[in-house]
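Q: Using the hints provided, position chain D relative to the given structure of chain B.
Chains as they are written, first to last, in this note's numbering: chain B, 1 to 209; chain D, 1 to 79.
Everything labelled a hint here was simulated from the structure, so no lab data went into it.
Treat the hints with care, as some may be off.
Where chain B lies over chain D, by a calculated footprint (3+ residues, C-beta under 8 Å) [said to hold, decoys possible]: (1) 6-15; (2) 42-51; (3) 67-78.
Under the rule of at most 30 Å between Cα atoms (straight-line distance), these lysine-lysine pairs were calculated in the DSSO-like manner [stated by the list, open to error]: (4) B:K151 x B:K206; (5) D:K25 x B:K193; (6) B:K151 x D:K45; (7) B:K120 x B:K92; (8) B:K38 x B:K7; (9) B:K153 x D:K45; (10) B:K30 x B:K7; (11) D:K76 x B:K37; (12) D:K5 x B:K151; (13) B:K10 x D:K70; (14) B:K181 x D:K25.
Cβ-Cβ distance ranges computed for the label pairs, FRET-style [said to hold, decoys possible]: (15) B:S182 x D:D66: 40 to 50 Å; (16) D:E16 x B:A76: 15 to 25 Å; (17) B:T134 x D:N78: 44 to 54 Å; (18) B:K206 x D:E32: 27 to 37 Å; (19) D:E32 x B:I34: 39 to 49 Å; (20) D:K70 x B:R205: 42 to 52 Å; (21) B:S203 x D:N78: 22 to 32 Å; (22) B:G113 x D:E59: 47 to 57 Å; (23) B:E129 x D:P35: 20 to 30 Å; (24) B:E26 x D:T23: 45 to 55 Å; (25) B:K143 x D:D66: 24 to 34 Å; (26) B:K19 x D:D33: 53 to 63 Å.
Only a predicted model underlies this, so the values are computations on that prediction, with no experimental measurement involved.
No residue lacks a Cβ here, since even glycine has one placed at the ideal position from N, Cα and C.
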Amino acid sequence: MSFSQPKEDKEIEEALVRKFQGGDLEAYDKIAEIYQKKIYGLSFNLTRNQMDAQDVTQEVLLTLFRKISMFQGKSAFSSWVYRITLNASYMKLRSKKKEPNVSIDELMPSYNGAGFQQEKIQDWSENTESLMFTNETRDVINKAVDLLPEKEKVVFLLRDVEGLSTEKTGEILELTVPAVKSRLHRARLFLRKKLSNYFEEFSSRKAEK
Amino acid sequence: MICCKECLDLLYDYLEGELDQETTKSLDEHFEDCPPCISFLNTYKSTTALCRETLNQVEIPEAIRDNLLKVIKEQKENN
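Isolated chain B, as found in the complex (with noise of 0.2 Å):
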């Protein structure tokens, strides 16, 4: 579902929203067949509850349909598309006491003096493929993205997950480019230790038998 949006995809895209801004009906049912997925997906990300993506999707699809005239075309139908939809996701997220998330500082590498790593890194890269599909490493993985601050979080979720440049995650979530580098840097480390963790545990439990 990654979705760096070919050209002509945006072009068509683009004759679209004319359409429907045009009265045409069934450009809509176009449009909302193409982001429908997209919506979902990045609210169950954020939100991690199949009713709250639902309610945030059902929101999102008829902003889109009340509010089309309110798109200029000064950026991407997509930007705009991801902007609503995040904003209703946080309005979801805000009205629910959250735990609070732990600190990213203390994942970050660690070294010494001299900036040499401090830690044993173990390289468990070969050795994901049998554990890839299987529901402990899935939880393992929902979990620790659940753990990324919110601000980390959304930046890894756009430019990781839904696969748009840095540029896009930019324009969308109204940051520099620096900035959406350095968040992105971040929560890849943050999760590298998280996984790190567990498949290491994994490896040492296997030993064991």
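A: Same frame as chain B, now just chain D:
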């Protein structure tokens, strides 16, 4: 030789191919001599791939898809 910290700080741009030639070369050299950083690099790349694969598996449940279609239909009729 640059140290691990400098190397890992530049990892993002290194993987994106956004570093100048000289800096890329100094990272390449560091990786050659530093197994922990190679492990770090490999697991950093795997992390992104694993997370992308897992989080992209979200599908809209059939019942929710039906509800959404109903809502869209109602909205169009009320228009």
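Q: Taking the hints in turn, state whether each one holds.
A: Right, here's what the structure says about each hint:
1. A stretch counts as covered by a chain when three or more of its residues have a beta carbon under 8 Å from one of that chain; for the region 6-15 of chain D and chain B the count is 5, and the coverage holds.
2. By the rule of at least three residues with a Cβ nearer than 8 Å to a Cβ of chain B, the coverage given for the region 42-51 of chain D holds, with 9 such residues.
3. Counting residues of the region 67-78 of chain D whose beta carbon lies closer than 8 Å to any beta carbon of chain B gives 6, which meets the minimum of three for the stated coverage.
4. Between K151 (chain B) and K206 (chain B), the direct Cα distance comes to roughly 36 Å. Violation of the 30 Å bound is thereby established for this hinted pair.
5. The hinted pair formed by K25 (chain D) and K193 (chain B) meets the criterion: a straight-line CA distance of about 26 Å does not exceed 30 Å.
6. For the suggested pair K151 (chain B) and K45 (chain D), the alpha carbons sit about 21 Å apart, so the restraint of at most 30 Å is met.
7. For the proposed pair K120 (chain B) and K92 (chain B), the alpha carbon gap of about 41 Å is over 30 Å, so the pair is violated.
8. The suggested pairing of K38 (chain B) with K7 (chain B) holds, with an alpha-carbon distance near 18 Å, which does not exceed 30 Å.
9. Between K153 (chain B) and K45 (chain D) the CA atoms are separated by roughly 17 Å; this keeps the pair inside 30 Å, and the hint holds.
10. Note on K30 (chain B) and K7 (chain B): the hinted pairing holds, with a Cα-Cα distance of about 18 Å set against a maximum of 30 Å.
11. For the given pair, K76 (chain D) sits about 20 Å from K37 (chain B) by alpha-carbon distance, which is consistent with the 30 Å threshold.
12. Between the alpha carbons of K5 (chain D) and K151 (chain B) the distance comes to roughly 24 Å, so the proposed pair stays at or under 30 Å and holds.
13. With a C-alpha separation of about 27 Å, the suggested pair K10 (chain B) and K70 (chain D) falls inside the 30 Å cut-off, and the hint holds.
14. Between K181 (chain B) and K25 (chain D) the CA atoms are separated by roughly 21 Å; this keeps the pair inside 30 Å, and the hint holds.
15. Checking the proposed 40 to 50 Å range against S182 (chain B) and D66 (chain D) shows it holds: the Cβ atoms sit about 42 Å from each other.
16. In this structure the hint that E16 (chain D) and A76 (chain B) lie 15 to 25 Å apart at CB holds, the actual value being about 21 Å.
17. For the pair T134 (chain B) and N78 (chain D), the beta carbons lie near 47 Å from each other, so the given range of 44 to 54 Å is met.
18. Look at K206 (chain B) against E32 (chain D): about 30 Å separates their beta carbons, and that is inside 27 to 37 Å.
19. As the Cβ distance of E32 (chain D) to I34 (chain B) is approximately 46 Å, the hint placing it in 39 to 49 Å holds.
20. The hinted window of 42 to 52 Å between K70 (chain D) and R205 (chain B) holds, with their beta carbons roughly 48 Å apart.
21. Separation of S203 (chain B) from N78 (chain D) is about 58 Å and departs from the stated range, judged on CB atoms against 22 to 32 Å.
22. A hinted range of 47 to 57 Å for the beta carbons of G113 (chain B) and E59 (chain D) is consistent with their spacing of about 50 Å.
23. E129 (chain B) and P35 (chain D) have their C-beta atoms about 22 Å apart, which keeps the hinted 20 to 30 Å range intact.
24. Under the hint 45 to 55 Å, the C-beta atoms of E26 (chain B) and T23 (chain D), about 53 Å apart, fit the expected range.
25. Our hint of 24 to 34 Å for K143 (chain B) and D66 (chain D) holds, since their Cβ atoms are close to 30 Å apart.
26. Separated by about 60 Å at the C-beta atoms, K19 (chain B) and D33 (chain D) satisfy the suggested range of 53 to 63 Å.
Going down the numbered hints, you'll see the structure goes against 4, 7, 21, while the others check out.
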